[in-house]
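Number of protein chains: 2
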Amino acid sequence: MAGFNRRKFIKGAAVGGVGATTVAAPAIAQSNPEIKWRLTTSWPKSLDALHGGALRIGERVAELTDNKFQIQTFAAGELVPGLQVLDAVQNGTVECGHSAMYYYFGKDDTFVFASALPFGLNVRQHNAWLQEGGGMKLLNDFLKAYNVTMFPAGNSNCQMGGWFSKEIKTVEDLKGLKFRMGGFAGKIMQRLGVVPQQIAAGDIYPALEKGTIDGAEWIGPYDDEKLGFVKVAKFYHYPGWWEPSSTLGFICNNDKYNELPKQYKEALASATAEVNSWIANKYDAINPGALKRLVAAGAVLKPFPPEVMDASWKAANDLYKEIGEKNLAFKKMYDSYVAFRADAYLWTSVADFTMDSYMIRYRNAGQL
Amino acid sequence: MAGFNRRKFIKGAAVGGVGATTVAAPAIAQSNPEIKWRLTTSWPKSLDALHGGALRIGERVAELTDNKFQIQTFAAGELVPGLQVLDAVQNGTVECGHSAMYYYFGKDDTFVFASALPFGLNVRQHNAWLQEGGGMKLLNDFLKAYNVTMFPAGNSNCQMGGWFSKEIKTVEDLKGLKFRMGGFAGKIMQRLGVVPQQIAAGDIYPALEKGTIDGAEWIGPYDDEKLGFVKVAKFYHYPGWWEPSSTLGFICNNDKYNELPKQYKEALASATAEVNSWIANKYDAINPGALKRLVAAGAVLKPFPPEVMDASWKAANDLYKEIGEKNLAFKKMYDSYVAFRADAYLWTSVADFTMDSYMIRYRNAGQL
Numbered sequence: 002m003a004g005f006n007r008r009k010f011i012k013g014a015a016v017g018g019v020g021a022t023t024v025a026a027p028a029i030a031q032s033n034p035e036i037k038w039r040l041t042t043s044w045p046k047s048l049d050a051l052h053g054g055a056l057r058i059g060e061r062v063a064e065l066t067d068n069k070f071q072i073q074t075f076a077a078g079e080l081v082p083g084l085q086v087l088d089a090v091q092n093g094t095v096e097c098g099h100s101a102m103y104y105y106f107g108k109d110d111t112f113v114f115a116s117a118l119p120f121g122l123n124v125r126q127h128n129a130w131l132q133e134g135g136g137m138k139l140l141n142d143f144l145k146a147y148n149v150t151m152f153p154a155g156n157s158n159c160q161m162g163g164w165f166s167k168e169i170k171t172v173e174d175l176k177g178l179k180f181r182m183g184g185f186a187g188k189i190m191q192r193l194g195v196v197p198q199q200i201a202a203g204d205i206y207p208a209l210e211k212g213t214i215d216g217a218e219w220i221g222p223y224d225d226e227k228l229g230f231v232k233v234a235k236f237y238h239y240p241g242w243w244e245p246s247s248t249l250g251f252i253c254n255n256d257k258y259n260e261l262p263k264q265y266k267e268a269l270a271s272a273t274a275e276v277n278s279w280i281a282n283k284y285d286a287i288n289p290g291a292l293k294r295l296v297a298a299g300a301v302l303k304p305f306p307p308e309v310m311d312a313s314w315k316a317a318n319d320l321y322k323e324i325g326e327k328n329l330a331f332k333k334m335y336d337s338y339v340a341f342r343a344d345a346y347l348w349t350s351v352a353d354f355t356m357d358s359y360m361i362r363y364r365n366a367g368q369l
Numbered sequence: 002m003a004g005f006n007r008r009k010f011i012k013g014a015a016v017g018g019v020g021a022t023t024v025a026a027p028a029i030a031q032s033n034p035e036i037k038w039r040l041t042t043s044w045p046k047s048l049d050a051l052h053g054g055a056l057r058i059g060e061r062v063a064e065l066t067d068n069k070f071q072i073q074t075f076a077a078g079e080l081v082p083g084l085q086v087l088d089a090v091q092n093g094t095v096e097c098g099h100s101a102m103y104y105y106f107g108k109d110d111t112f113v114f115a116s117a118l119p120f121g122l123n124v125r126q127h128n129a130w131l132q133e134g135g136g137m138k139l140l141n142d143f144l145k146a147y148n149v150t151m152f153p154a155g156n157s158n159c160q161m162g163g164w165f166s167k168e169i170k171t172v173e174d175l176k177g178l179k180f181r182m183g184g185f186a187g188k189i190m191q192r193l194g195v196v197p198q199q200i201a202a203g204d205i206y207p208a209l210e211k212g213t214i215d216g217a218e219w220i221g222p223y224d225d226e227k228l229g230f231v232k233v234a235k236f237y238h239y240p241g242w243w244e245p246s247s248t249l250g251f252i253c254n255n256d257k258y259n260e261l262p263k264q265y266k267e268a269l270a271s272a273t274a275e276v277n278s279w280i281a282n283k284y285d286a287i288n289p290g291a292l293k294r295l296v297a298a299g300a301v302l303k304p305f306p307p308e309v310m311d312a313s314w315k316a317a318n319d320l321y322k323e324i325g326e327k328n329l330a331f332k333k334m335y336d337s338y339v340a341f342r343a344d345a346y347l348w349t350s351v352a353d354f355t356m357d358s359y360m361i362r363y364r365n366a367g368q369l
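Protein sequences appear in the order of chains A and B. Mapping of the first sequence onto our numbering: position 144 corresponds to residue 145, and the numbering continues sequentially without gaps. Mapping of the second sequence onto our numbering: position 171 corresponds to residue 172, and the numbering continues sequentially without gaps.
Source of the hints: derived by calculation from the structure; they are not laboratory data. Glycine included, C-beta positions come from ideal geometry on N, C-alpha and C. Check before you lean on any hint, since a few could be wrong.
As the list claims (entries may be wrong) - Reference excerpt, derived from the structure (chain A facing chain B, CB under 10 Å, subset only):
(1) ASN123
(2) VAL124
(3) GLN132
(4) ALA270
(5) LEU347
Claimed, not checked - When the alpha-carbon atoms are kept at most 30 Å apart in a straight line, the in silico DSSO-like pairs for lysine-lysine are as follows:
(6) LYS257/B - LYS266/A
(7) LYS37/B - LYS227/A
(8) LYS211/B - LYS315/A
(9) LYS69/A - LYS37/B
(10) LYS293/B - LYS211/B
(11) LYS266/B - LYS69/A
As the list claims (entries may be wrong) - Between beta-carbon pairs, the in silico distance windows are:
(12) GLY290/B - LYS327/A: 30 to 40 Å
(13) GLY299/B - ARG192/A: 38 to 48 Å
(14) LYS145/A - ASP142/B: 21 to 31 Å
(15) LYS145/B - GLY212/A: 51 to 61 Å
(16) ARG294/A - GLY203/B: 29 to 39 Å
(17) ASN365/B - ASP336/A: 13 to 23 Å
Kindly generate the complete structure, drawing on both the sequences and the hints.
This is the structure we're talking about:
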């Protein structure tokens, strides 16, 4: 209080009536203002692991800030259509969103590195590249043009290849196949003769039942089970090579983000990091039971044969080369990503993969 | 301000001089007190990924609480010997610690489920069991007797089997082998004829060089490289079946924890969850390069042969059965853990493992 005019201060307080409490208030208000954000997601509430993860971001942020920073979560379509999360956050319709960034490959193929590159990094490798391999830095530099900042915030892990009316035994079986699939990987599938179909979740089952499509991919056992595909297309192929790690992104509008007190920025960083694992753990816990129920209901589990995988691998690499020749941002990200992948798979192949292969051997022998 | 005696209030403020600011102060002090904790670890500073993770817990807690909750981190031996972290936290010498809980299997074998069970869950599965499979609930119930609460806070991931002067080709090669290894898995190794040796980090290299031991396990490529083992024992076997997931634990004294404001408890929960992935990601990023350098320096990478793995698997299961017959806490935890493992490996074997196996195939063909 040195140098402060006490008389004037007290007089001022008296005039204001509530002055005495407002003296200290600005310090509190500045450091812990009440802030309310709206979060829009790409998920219907029925995708409860994904939507639950989005809700959890808000819960954790509130708990970390003594409920001063509140984030209200809206499911796909409540405020904004599920595939317009990026646009809504970019233009400030909402402050933040939860989505899978590869949905926006139509704007720029470079978005895939934020979620999943077909034949790309697995879950652990993707997290390691984002954190330690320069991935987040590259992505957030790229995202500046969209005025958003992303935090990794969940993973549906390696997905399944999907449901097929007939078993896929050869590359020939893919020719003319009408296959419901989302996004970027359709470009690769087309090179193999597949005719990708864009169909919303609720319309997939009737399309399979009527035979207007020959197959469909969705997510994995837990989410697929709810849509009932096993009743109309029993061949359940794996792996979903187009999504070996399906990282989800929390994005926020940069103008809104920059207005946050530092402590709230830190709360967002921690809450999203926490949810990045939380959703992945949840899927790892709920998929096994669903897989068992699906098999009991008649699902025929089949790996894609080597011939199909190899043809897809080649088609994917051809595509990346072509995109990279025209898109410098993609090329820059790709070079970082595949350099990391080569080393990462060396290490994965040694301790982790060998350990897993023995455990799977004991499981297959009925010893687990 | 209804009903408030304005005149008396202003008079009081004038008398106190600084009274106006102290009116609001108690509310701030109560909700955001300055708290300083000390954290002791099991790590020398040279284990920079582990020690760095412990430091990061304190950094994140400070950032989440506007520097009000400060945690000062001490390396092993600075305050407390590295293997006495649990005792120091239990008796309140320090408020918290960072360790691997299986170090304390001498007190009770049940501690292994908090870190690594030989032939147990892999990294993702362990995280899923802790979060969704009831693991953390079981562990913290068990830890009440030690007056500590644990948060998973890092993972050195699946470890290597270690360095051997001669290649291990048969179970016979294990007979009489003097092998430096830490902890619980020594009980299994003994059943295979190994003579486990407890040797501190700095003494391993000279013991290998002089031939007073025949082999040694430490952690993985990055940490092993620093100790120079490749120069004196070139066979680098894998996997470290005794540590398929090496979860680290942040533990805090329950009395101290219960005194924390709710917001600080939440900060601890988030900071440790964040570091749980942070250390794992770090290891996944730094191990590949170290592995390449070790191979260039002459390391001969060799998987343990099936005969050795199978004998170890059998010996491990025999041990668990015997422990479970005498230790109810172990049995309860084991039953939950292995039920989760059977289902988890079903799911792992389908999408993730198949995808990894194709990627490793492309890597081995020089295509990555």
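Evaluation of the provided hints:
Of the supplied interface hints, the one on ASN123/A holds, with its beta-carbon coming within about 6 Å of a beta-carbon of chain B, less than 10 Å. A cut of 10 Å between beta carbons decides the hint on VAL124/A: the least distance to chain B is about 7 Å, and the hint holds. Hint status for GLN132/A: holds, given a least beta-carbon distance of 4 Å to chain B, under 10 Å. Contact between ALA270/A and chain B, as hinted, is supported at the beta carbon level, the nearest pair being about 8 Å apart and thus within 10 Å.
Taking 10 Å as the C-beta cut-off, the interface hint given for LEU347/A holds, the closest approach to chain B being about 5 Å. Simply put, LYS257/B and LYS266/A have alpha-carbon atoms about 28 Å apart, close enough for the 30 Å limit, and the pair holds. For the suggested pair LYS37/B and LYS227/A, the alpha carbons sit about 49 Å apart, so the restraint of at most 30 Å is broken. Proposed proximity of LYS211/B and LYS315/A is contradicted: the alpha carbons are some 52 Å apart, above 30 Å.
The straight-line distance between the Cα atoms of LYS69/A and LYS37/B is roughly 24 Å, inside the 30 Å bound, and the hint therefore holds. Under the criterion of a C-alpha separation no larger than 30 Å, the hint pairing LYS293/B with LYS211/B is consistent with the structure, at around 27 Å. Of the pairs offered as hints, the one joining LYS266/B and LYS69/A holds, with about 16 Å between alpha carbons and a cut-off of 30 Å not exceeded. Here the CB-CB span from GLY290/B to LYS327/A is close to 32 Å, well matched to the stated 30 to 40 Å.
For GLY299/B and ARG192/A, the hinted distance range of 38 to 48 Å is satisfied, since their beta carbons lie about 44 Å from each other. In this structure, LYS145/A and ASP142/B break the distance hint of 21 to 31 Å, their C-beta atoms being roughly 48 Å apart. Between LYS145/B and GLY212/A the beta carbons are some 59 Å apart, a value that agrees with the proposed interval 51 to 61 Å. Evaluation of the 29 to 39 Å hint for ARG294/A and GLY203/B yields a failure: the beta carbon distance comes to about 53 Å.
The supplied range of 13 to 23 Å is met by ASN365/B and ASP336/A, whose beta-carbon atoms lie about 22 Å from each other.
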